[in-house]
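Trainee: Chains as they are written, first to last, in our numbering: chain W, 811 to 1192; chain E, 42 to 330.
If you are wondering where the hints come from, they were derived from the structure by calculation, not from laboratory data.
Among the hints, a few may not be true.
Straight-line Cα separation of at most 27 Å, DSS-like style, residue types lysine-lysine; simulated pairs [to be verified]:
(1) 824(W) - 880(W)
(2) 244(E) - 76(E)
(3) 841(W) - 111(E)
(4) 244(E) - 1143(W)
(5) 209(E) - 244(E)
(6) 841(W) - 1143(W)
(7) 1182(W) - 244(E)
(8) 1143(W) - 209(E)
(9) 1183(W) - 76(E)
(10) 840(W) - 111(E)
(11) 840(W) - 963(W)
(12) 1143(W) - 243(E)
(13) 1183(W) - 1139(W)
(14) 880(W) - 917(W)
(15) 76(E) - 1143(W)
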Amino acid sequence: MSSILFSCKKDDFKEEETYIKVYGELDGNKKFVPLAIQQTADGGSLMLSAVNGWNIFLMKTDALGEVVWKTDVDAPYVSATPNLIAANGSYYFVCMDQVGLFSYLMKVDESTGATDVVKTANSIIYPTYAYYDGVNLFIQNYNRVSNETGIHKISSDFQSIEQSNYIDVMTSVLNEMVNHTTFSGRRFPFFIQSNPERTNLVMSCFYNYSFSLVMMDQNLDMTGVYNGAAYQGGVNAALSLGGNAFAIAKFSNENQYFTANTTLDFNTIGITANIPANGYSELDNSKPVVVKDLPVDGNSTVCMIATTRTNQLLMQVFDKASGSLLGTKYLGKNTPLSIGDFTATADGGALLLVQMRVMGGPTRLATIKLSKKQLDDVIGKE
Amino acid sequence: MNRKYKLSQVLIVLIFMFHGILLAQNNFQVDRKNKLFFGVYGGTNVTNVSVKDSYHVLTPTSELDLNGSKTYGKMFESWSSQFGFKLMYGFSKHISVVVEPGIYTKKFHYLTNYAWSDTIDMMDFSKEIRFNNNITYFTLPLYLRWDMLKKQFSPYIQAGGFFDFRYKSQKAAYVDGMIDGAVDVNNPDLLTAEVSWNDYVKKHQYGIAGGLGFSYFSKYVVISLEVNYKMALNPLFDDRNRYSDLSGFTTQFLDVDDRIKLGSLNAQLSLMIPISSMVYLKILRRTKY
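Start from the sequences, fold in the hints, and give me the full structure.
Mentor: What follows is the structure, given as structure tokens:
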């Protein structure tokens, strides 16, 4: 009798809670690299990707993951930084032009997919990363003439450059930059991260013959550095937990490390190898590592998603205060997956943007929507 | 088609056989009232798939992209079997209640294909995949049966419902590289993956059922041949786990289950013995009663 009654129970499951969508493309030659994803107000998503090298591809989906529109951004705009900035109710990304290499801040029309230039920055060439702290936009770039890494603070109305600073790379990394920006070789994990108090910034960039984690104050003056091991060791992701506490993902040669809670000395001159972290022998450090804040079961947690050497995704959730591991989930079994980005969703779930090799054939963009219940299951909540 | 034709031939032969028996045994009436019968049954079935909602993993970005559409197999392409025990209790000379607990296996399949052309590097891609679903239930059908005649040979109709408990389910994927509407499931090289599908199939199925048949009541045994149709009222697959990719099929084959309901047409033979009195059965009475 209980079985009969149980089977008659009304299910409140909604289809938008969980799905996997692979975005088809009739042209078998097209190769996609996912860069960034944001959930939009309608429950859908906006995705930024690179296609066939450094060309820019935008796509909007609905709450069920179905395509609403897609846009190939026209020349001369290429090489978008891996960031979709949500600010003032609109979405933006930073890219460059393929001739002058100047930086552009582009605004995306969410309803049509049209893009408009909001700000042109001729003084910023080879943009590598864009970061929005809720008030100001920061752009990191590489100056190939002076062999310097630059960081620029853009005003809150996105119309002027308020502050700039440069740090010396000491050597030319033009080859590395060309491979990175054209998506034809190694991609470097450039990033900028600010603490919530906005007193300090950390920036992963080229500095002093190496790929290093540079610390700056609110005036963009360099205060300290954790030097990488040439270009074979460094920090590939960081999440500020407040003050000088960070979750750090770092790499060294072929090894990947992660810690969900450690403290950085903003005034030190040190090496990234000395940042305490746990080794993950199964992770492929040539693929992106994404570390973000993710609400699970109503609590703020640190979520790290990376790609294993067997081309699965490893998702780990950590307690923010203690850094202890709360749960682990593997995504994908027999199909190569590579994480591009993820975001928390309004329904308590998570939306992942991945690159997938379809049945051993072409690479395609895919989204994986995890429901709140699936995230609760990761941390073992009943 | 051949199997359907053979089934028809078997049925015709059986009807002629019983017709002769009917003519020879028309001096007796059958008293089913307050009598209990117990026996076994076995038979074969085919499954009909009714698609309520379609789902897909591959989302087309162009109206011309038809990759991933499913083509379900026809009803008589996948045969399976059922067997179990049969219990019948007669409320009156014509009305009985019948319970048939047993094992019931349902099978169905569908085809899907993907193709991309590469006009630059000439790296064209094509795959055709056949998915075979196989679900075994503990079944509990319950019928109200009406025997039309009181004679030894009696046609009957029955109607009722069923409740199935999932025992196990499996799904197999056969892949070949040519899109021609067929994948050879007899070629073991094409079997790419076979996994348990328990996490996707609901634990219970319930529905309505009905059928018709004929029985022959001899002094010690009852032989029946019947055809029934079972129609499930709840969908087969669990909506929550549809995209969970617990099996790996979702990302490997871009496969997710549609929301479907199954219908099943079965034919079965049963043998029963009365168990009310084993010594002096008193089942058969002369026509004067």
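Trainee: Is it true that the CA of residue 1183(W) sits at most 27 Å from the CA of residue 76(E)?
Mentor: Measuring from Cα to Cα gives roughly 53 Å; hence the hint is violated.
Trainee: Is it true that the CA of residue 1143(W) sits at most 27 Å from the CA of residue 243(E)?
Mentor: holds, 23 Å
Trainee: Could you grab the alpha-carbon distance between residue 244(E) and residue 76(E) and see if it respects the 27 Å cut-off?
Mentor: Answer violated: residue 244(E) to residue 76(E) is near 35 Å, above 27 Å.
Trainee: With the threshold set at 27 Å, check whether the alpha-carbon distance from residue 841(W) to residue 111(E) stays at or below it.
Mentor: holds, 26 Å
Trainee: Below or equal to 27 Å on CA atoms is what counts here, so check residue 824(W) against residue 880(W).
Mentor: holds, 25 Å
Trainee: Could you grab the alpha-carbon distance between residue 209(E) and residue 244(E) and see if it respects the 27 Å cut-off?
Mentor: holds, 9 Å
Trainee: Assess, step by step, whether the Cα of residue 840(W) is no farther than 27 Å from the Cα of residue 111(E), and give holds or violated.
Mentor: holds, 25 Å
Trainee: Quickly compare the C-alpha distance for residue 880(W) and residue 917(W) to 27 Å and report which way the hint goes.
Mentor: holds, 15 Å
Trainee: What's the verdict on residue 1183(W) and residue 1139(W), does the C-alpha distance respect the 27 Å limit or exceed it?
Mentor: This hinted pair holds, its Cα atoms lying about 13 Å apart.
Trainee: Can you confirm whether the C-alpha distance between residue 841(W) and residue 1143(W) stays at or below 27 Å?
Mentor: With a Cα-Cα distance of about 22 Å, the restraint between residue 841(W) and residue 1143(W) holds, given a limit of 27 Å.
Trainee: When you check the alpha-carbon spacing of residue 1182(W) and residue 244(E), does it fall within 27 Å?
Mentor: Distance of about 23 Å is within 27 Å: holds.
Trainee: Between the alpha carbons of residue 244(E) and residue 1143(W), is the straight-line distance 27 Å or under?
Mentor: The given pair, whose Cα atoms are some 25 Å apart, holds under the 27 Å limit.
Checked against the numbered hints above, the structure violates hints 2, 9, 11 and 15; every other hint is satisfied.
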